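Chemist: From first to last, the protein sequence lines stand for chains A and B.
Using the numbering used here, the first residue of the first sequence is number 1, and each one after it goes up by one.
Using the numbering used here, the first residue of the second sequence is number 1, and each one after it goes up by one.
These aren't lab readings, by the way, just hints derived from the structure by calculation.
Keep in mind the model is a prediction, meaning the values are calculated, not measured.
The beta carbon of each residue, even a glycine, is placed where N, CA and C say it ideally should be.
Misleading hints may appear alongside valid ones.
Said to hold, decoys possible - Ranges of calculated distance between the beta carbons of each label pair, as one might list FRET restraints:
hint, chain 1, residue 1, chain 2, residue 2, range
1, A, 216, B, 285, 45 to 53 Å
2, A, 203, B, 248, 38 to 46 Å
3, B, 286, A, 128, 49 to 57 Å
4, A, 203, B, 253, 50 to 58 Å
5, A, 273, B, 53, 48 to 56 Å
6, B, 130, A, 128, 42 to 50 Å
7, A, 233, B, 146, 24 to 32 Å
8, A, 323, B, 281, 55 to 63 Å
9, B, 159, A, 191, 30 to 38 Å
10, B, 54, A, 303, 52 to 60 Å
11, A, 337, B, 153, 31 to 39 Å
12, A, 337, B, 187, 41 to 49 Å
13, B, 53, A, 368, 56 to 64 Å
14, A, 216, B, 131, 42 to 50 Å
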Amino acid sequence: MVKEVMTSNKAVAEAVRLAKPQVIPVYPITPQTTISEYLAQYVADEKIDAKYVKVESEHSAISAAVGASGAGVRVFTATSSQGLMLMHEILFAAAGMRVPIVLADANRAISAPLNIWNDQQDSIAQRDAGWLQIYVENAQEALDTTLMAYKVSENPDILLPSMVCLDGFILTHTVEPVEIPDQESVDKFLPPYVPEHAFLDPNEPMSIGNFADPDYYTEARHDMEVAMTKSMEVIQKTCDEFAEIFGRKYGLVEPYKTEDADIIFVAMGSLCSTLRVMVDQLREKGEKVGLLKIRAYRPFPTEAINEAVKNCEKIAVIDKNFSFGIGGALYADMKVKIDKEIYGFIAGLGGRDITPEAIMEAYEKTKAPENDVTWIGLKEE
Amino acid sequence: MDIPDKDLLAPGHRGCAGCGASIAVKLALNTLGKNTVAISATGCLEVMTTPYPETSWEVPFIHVAFENSGAVASGVESALRIQGKDDVNVVAFGGDGGTVDIGLQSLSGAMERGHNMLYICYDNEAYMNTGIQRSGATPYGASTTTSPKGTASFGEDKPKKNMPMIMAAHGIPYVATASIAYPEDYVKKVKKAAETKGPAYIHLQQPCTTGWGFPSEKTIEMGRLAVETGSWILYEIDQGNFEITYRPEERRPVKDYLSTQKRFRHLNEEHIEKIQKYVDAECKELGL
């Protein structure tokens with residue numbers, strides 16, 4: 001096992017190298033681009049035996065990924081923001097066709113106004129596509145989650161694609177020390193992909209992507225919901241297996257000092273690092289506060305969340321996205337599924353820093369609420 | 001090339017009586033043989049051949065969406081080649097809408113990248129699956145549901161997009177036009193395309209009984225009239241060498257072709273004259 005200082009983008013590329021996909025269709029977009037550059041170099045240097053397909057758009061990247069996965073090989077692609085929006089239609093097709101693609105999304109704001117910086121609106125806008133969505137906090141988690149994503153997606157009981165969501169720039173362009181697993185251990189953890197449900201072999205012809213009339217469509221979609229629900233158990237099992245081999249522990253959610261907390265922050269991605277520091281600072285002042293990091297946003301881990309928040313009085317959800325008239329997506333989902341006093345905060349849109357002051361504002365407004373949903377750090381006219 | 005002992009597009013599909021698309025695909029698949037993977041864009045072909053849990057395809061088949069069969073085929077081809085399956089034919093089918101309009105970018109990328117595949121556009125000159133709306137391949141004067149004849153309209157007011165030449169401009173090794181009414185010519189081209197290393201494109205005219213408005217037993221006759229009048233010209237561009245592959249003994253007036261179809265029946269002498277001139281110019285340019 002080697003430890004190296006690298007960006008989360010490089011960490012994802014390293015995971016992809018270790019996962020050995022055979023087809024990699026990608027199209028450049030900031031801040032994802034360096035993932036595709038690393039992979040291009042790995043292919044050029046024969047570090048990966050894969051076809052690197054230089055497609056002419058993200059729409060074609062995901063389309064080629066579906067074609068290749070449908071043909072029966074392991075596939076990787078990466079994108080961000082507008083690119084993910086362009087993929088939107090085919091994301092649904094990929095999930096419906098049950099092809100276990102893994103896609104890394106470098107989370108970035110959506111135009112207009114044009115903005116290349118981080119928030120999570122891009123992947124949140126794809127939440128109903130039928131993809132598993134895992135949000136990561138740091139480079140190590142980006143690497144580890146990419147490897148685990150293949151194992152979960154390719155599980156015969158799941159067969160849904162996975163999106164590994166990493167915060168643009170905050171993670172993609174900052175460096176951290178990362179442990180790179182050795183190939184032998186990865187091979188043990190992640191054996192080659194051998195599909196039984198979808199492959200294109202002239203010796204055993206099958207039709208993939210048929211049209212389904214009202215007699216069949218509902219059941220096809222319901223099967224996806226069953227798989228999505230089942231994936232919670234598979235994700236946990238995969239995390240446990242990963243921990244056994246590599247020593248790093250993950251789960252659907254990650255509670256921090258929640259046990260005796262009166263107020264619990266709930267968030268996804270790199271923001272959780274800041275929140276953890278804030279929790280410690282507040283605890284030093286005698287405030288009973290905790291953090292619940294949501295790793296799996298889809299499937300939505302209701303049970304795991306309930307377990308973590310069972311003792312608290314109030315919940316403060318910080319979303320880097322929003323739905324008009326509703327609030328953040330995570331906030332809205334929590335309101336539907338979790339029976340607690342929940343407040344929503346919108347922050348960090350288009351790359352605005354979520355400062356300790358902004359977090360304090362959310363904390364104070366949870367203690368003495370004025371509104372259900374508050375945009376924090378909003379500038380005065 | 002192995003000759004199949006049965007059709008590789010099974011009968012019993014939901015195509016209209018007299019459907020030209022099924023003829024187009026059957027001839028191509030039977031020529032390519034069993035060692036083939038097929039890709040289809042959304043459209044008549046996909047809908048009529050793959051109602052779950054049934055399929056007409058006796059070769060492996062994949063459909064993803066309307067506008068991306070070029071890219072899907074790129075992925076399929078890449079996956080097959082990386083597995084060492086170099087001898088498997090990869091053929092993608094798209095209608096004219098899926099090819100010349102919404103699928104153009106995806107196809108252009110696939111052709112430019114040099115995938116070893118054949119793309120066949122079955123061109124019935126409008127969006128037939130959605131109810132006869134005009135496409136970029138709809139010919140001048142045709143009345144469709146979105147380019148209808150009316151008091152201030154004679155139907156489609158632009159000539160057909162010259163898709164085969166757009167494909168040729170990609171510098172790919174093989175481009176051809178074809179017609180289901182000339183199966184020997186078409187089959188020969190499919191064979192040539194399959195033997196070509198790299199991308200090949202065949203633009204196949206496929207008369208549509210429903211959309212064009214002619215009796216279902218006249219599909220082939222309509223295809224012949226298109227070619228005999230010079231409205232559709234059969235040629236190939238093999239490694240850059242252009243050649244007309246079928247020359248009508250004596251080119252018939254376009255009126256013979258136009259007057260047999262409901263979509264053109266409203267045209268007056270002036271319109272027909274204009275179309276004749278357009279066809280004459282095209283024939284002259286290509287040396288017919």
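Chemist: Hint by hint, where does the structure go against what was stated? Just the numbers, ascending.
Modeler: The structure breaks hints 6, 7, 9, 10, 11, 12 and 14; every other hint is satisfied.
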